[in-house]
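**Student:** From just these sequences and the hints, can you work out the full model?
4 protein chains.
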Amino acid sequence: MLIQKNMRLLAKFESLFQKRNASKISFIGLGQMGSKMARNLIKKGNTVKVFDVIPEARNSIEGAQPCDSLQQVVEGCDVIITMLPNGRIVKEITLGQRGVLEHLEKGAVLVDCSTIEHQCAVDVNEAVLKRGGKFLDAPVSGGITGAEAGTLTFMVGGDETTVKTVEPTLLQMGQKVYHCGQTGSGQIAKMCNNLILGVTMIGTCEAMNLARKLGLDQKKLTEIVNASTGKSWSSEIYNPVPGILPNVPSSNGYKGGFAVPLMAKDLGIADSAALACGAAVPLTAAALQIYRMMQNHGFEQKDFSSVYEFLKGKNSK
Amino acid sequence: MLIQKNMRLLAKFESLFQKRNASKISFIGLGQMGSKMARNLIKKGNTVKVFDVIPEARNSIEGAQPCDSLQQVVEGCDVIITMLPNGRIVKEITLGQRGVLEHLEKGAVLVDCSTIEHQCAVDVNEAVLKRGGKFLDAPVSGGITGAEAGTLTFMVGGDETTVKTVEPTLLQMGQKVYHCGQTGSGQIAKMCNNLILGVTMIGTCEAMNLARKLGLDQKKLTEIVNASTGKSWSSEIYNPVPGILPNVPSSNGYKGGFAVPLMAKDLGIADSAALACGAAVPLTAAALQIYRMMQNHGFEQKDFSSVYEFLKGKNSK
Amino acid sequence: MLIQKNMRLLAKFESLFQKRNASKISFIGLGQMGSKMARNLIKKGNTVKVFDVIPEARNSIEGAQPCDSLQQVVEGCDVIITMLPNGRIVKEITLGQRGVLEHLEKGAVLVDCSTIEHQCAVDVNEAVLKRGGKFLDAPVSGGITGAEAGTLTFMVGGDETTVKTVEPTLLQMGQKVYHCGQTGSGQIAKMCNNLILGVTMIGTCEAMNLARKLGLDQKKLTEIVNASTGKSWSSEIYNPVPGILPNVPSSNGYKGGFAVPLMAKDLGIADSAALACGAAVPLTAAALQIYRMMQNHGFEQKDFSSVYEFLKGKNSK
Amino acid sequence: MLIQKNMRLLAKFESLFQKRNASKISFIGLGQMGSKMARNLIKKGNTVKVFDVIPEARNSIEGAQPCDSLQQVVEGCDVIITMLPNGRIVKEITLGQRGVLEHLEKGAVLVDCSTIEHQCAVDVNEAVLKRGGKFLDAPVSGGITGAEAGTLTFMVGGDETTVKTVEPTLLQMGQKVYHCGQTGSGQIAKMCNNLILGVTMIGTCEAMNLARKLGLDQKKLTEIVNASTGKSWSSEIYNPVPGILPNVPSSNGYKGGFAVPLMAKDLGIADSAALACGAAVPLTAAALQIYRMMQNHGFEQKDFSSVYEFLKGKNSK
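Protein chains in written order, with this note's numbering: chain A, 1 to 317; chain B, 1 to 317; chain C, 1 to 317; chain D, 1 to 317.
None of these hints come from the bench; they were simulated from the model.
Treat the numbers as computed from the prediction; the structure is a model and nothing was measured.
There's no promise every hint is true.
Because identical chains share one entry, a pair is satisfied inside a single copy or across any pair of copies.
In silico lysine-lysine, DSBU-like type, Cα no more than 35 Å apart, as pairs [stated by the list, open to error]:
#1 164 / 213
#2 314 / 213
#3 312 / 44
#4 314 / 130
#5 255 / 312
#6 106 / 213
#7 164 / 255
#8 130 / 91
#9 91 / 213
#10 255 / 314
#11 43 / 255
#12 213 / 44
#13 314 / 43
#14 220 / 91
#15 91 / 43
#16 220 / 255
#17 44 / 265
#18 213 / 130
#19 312 / 43
#20 213 / 43
#21 106 / 164
#22 312 / 213
#23 43 / 220
#24 176 / 314
#25 106 / 220
#26 265 / 130
#27 91 / 265
**Tutor:** Here is the structure:
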């Protein structure tokens, strides 16, 4: 009885504590990722105003305050979070006519969680600073599952003080916050991580497909690779061969997960950045072309680990 | 006093026990790897006859019985271990005139630890069977350090009974023995693992070099990658950027480790095998070409993680 | 005597005819290409006002009217030709503050001969139209030699009437004018041609280097290829192996010609365009990476056919 | 009347002349190519004994003397021509039990027109020399059409005297004979030519597909490329875009021509040769992988210029 009483007290206290730390947050972009992130903010007791260009989406978040314009969603808010499909749209929403910047309060922080070109983040930051606001680029990893479970990782670029201010809010949607360096470095970190992923996954699929052709058991190969120098997140946590791991896209018809066009998008960002700064990225470029070809051959809805299936081909034994 | 006495007794007992399990072993090929493997067999109390085509090498293994011919080293031995540079030499030493096969005892086991084409292993196996012997392909991973420390991993192909018989001997030179399947599958497993490694390392180097160009701290990137989906043995255990990890080739001028031509050799084996069986291996093929170009541009003595330095280039900021 | 008289008359007549057809032309960008193109326009009797951001360059064209500002060079001119290093600079010079557009006469034609992103041409065209002017993208092929000799080829995008108007002027600097289609299509045509060139040259160099390694005479190979299915401009007119053709860069230490960074620039434009429209360009992407690596390994001043030397390597037999 | 008489006389004379130059020829391998080549030899008046492992094929050549064994076809012949699918089969037919060599007359010439590894040609040559015969490697270009029309090109490796002896016979099946150098160099020449072709075709297809995506007319692009630096046999004679040239596979549903698996075979030979001699062939390797992927995606029956269609993809606009 006493324990139960204390538990109830504790729960109340926790709720109060959350409220005290909760802030008025504006959330723009309620797609697959954004809607789940916004819901987590509401669950943690924050007051959350939401906006999306699609009117129906605005009313889809229970407990949120739906807004009909960027003006309405931005005004009076300290923290504005954006989660949008690409850099062009981020620029349009923030810097465009009747965009976020026109209504931004002095000292408010704009946190962009979209995955975009780092140069684009640098451009938006400059405009936000001129307006008297602050900007962080904060792309995430963890996918839809992580967005739902509130276990995202944030890779953040911007000045340290601003990062510290916003960190508690980010941790209500995720588990880890990496401060990578100045503006844009969050995007650079994400794109560098994802290019390794995109390349490593194809390498792993090539090995698994070669093993299949030569009659080596793929479970055995996975066991050996995971204890050897070929081990990676792709072989250990996200194995591309159906039936080796449960609960991964490969064991579920390559449904869900991180779709081929999204991987192609991220590699395209890395490829362009490399082009602009003169860095050679031979395997990144080759990997991008493979995901590109997959998009044109019926894999545009599948998880990127379906490279395995693409290599196998239709008429392959 | 009593403890010391017991310790001495224990040591004696251990030595006796090792002798009892020790066998008469023949070791052929006393290069960088073979010499260290043979020494570990001697340390564990085995009687080891040794041979190498280079006469001086024959006398370089303390405690071994140097032999002057293949006949001498093979005759009367139950287990013959070969550790040779490539498939052509393995065939020459085993199937050639006055080769191992001509002197092989009925029932003796030939264990080839060289890294060679799996088809080559299949060919040698066939000949050994005809002669009344047994064959295992048992390539290793772990490199020179693992050979010296006796911590190698063996990937073994062949029939289960033979594997079981030889396993204790292999474990005197290593820590793990994987039985991969029928003859040749040890080679297939190794080549599949190494192609992932060769590809993943280049992907990791591309990310690290891109980060450098764009001003992202490489230690920070490594920290993020190792907690994310880009994590691999290459980023975590063998990071290619100087100064991130101690005791890896990159922090030691890319000296030691696994030299570029050896990686090119292994990827060449994988590429040929893929060619022969009709498997598409786009990134393996691209990676092979990069290591090949490195060989022609002054990296032939360096560890394969020097891809990082190759991408950086000479006139790069 | 009579013939000589008639010849003189003819020359006079020709000169008069040229004058009548000559127009007041403005030329902006007096680098390696632009300076030679401007000189040809002067030779043909046109009145040419010239401008370059580098003051010394403005006075380097004999017979031209040097201008000190974009305003001065543009005002009162019917045809403004630009020949600039890249798309960013084209936008700056045309659309920037105190740029070409601010001073453009109604109905004047802006002809951009620079090699830039086709999207950039589309953007500039739109702005020029708004201002009441006309725009053509007209990148050239033929290089410095062609610019000097007046034998350039122009690939032109824009409306037919405008092309017809400007064609005589272009033919004073070149030999051929291709009207490719609407605005931007000149750039698309050039980039498509050059990506074939960049890829084909590397393929040709790989064959020539392989032949060298295997002891096949390269002149013999060239003879066979040029009579077979491997024939291309790269093998026939611009052979990359020293000593096969006279008067090509390969026979002159890879000096002159089309430098590696220029080829890398053009392939980069093609790669970006492909990225943006979702076209797979696997060999273009791979070729770009090779020229990129060459830039980092001491080939940044050499003609792009030096791929042959890059493949050969330093320590190659 | 007189003219007709003379024509008849001339025809008779020509026929007599051919007979005098005709020899007893043995032809082994009566597939798509071989059957047509043998028929041309018969048309020119030679006595031709023929053999194929498939009994029906032996009787399919009108005017030939069908043989039931290698012994029968080889015995008493001065010139033995082989046209076989690959190097393994060439070795089997020539060096195997009851093979060509066992029955070869002293001084007879074995001319292998198959496309095989140059090392394989070197091996067979050695065996033939030991037996007292002579060997030429003489792969052809021109395809099935050229075989039928008697317009093949022969690339020949071997000693000059032997080449001179056999040249008239080869010219009865083709139009050109290139003496490339010592044994194997015919194969090297062919493989070098075909690797350029395989690479150039893909580059051309990438440009054509990119043009399509960006709305540039492909006929216009072809016209420009063929007058510029991107010109090649692939763009001019064998354009991969349907409807640009008549009578090429692309305008006939990619039927006929040189099938994808044959191109993959030739590039595989080049890739292996490069591997063995340490030459870097980055685009050859990448091209091989593309043709390989095509084989696994439903293009195994199509002409290799269908790369265009593969790049386009199924769900491409």
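**Student:** Which hint numbers does the structure go against, in order from smallest to largest?
**Tutor:** Per hint list: 3, 4, 7, 12, 13, 19, 20, 24 violated.
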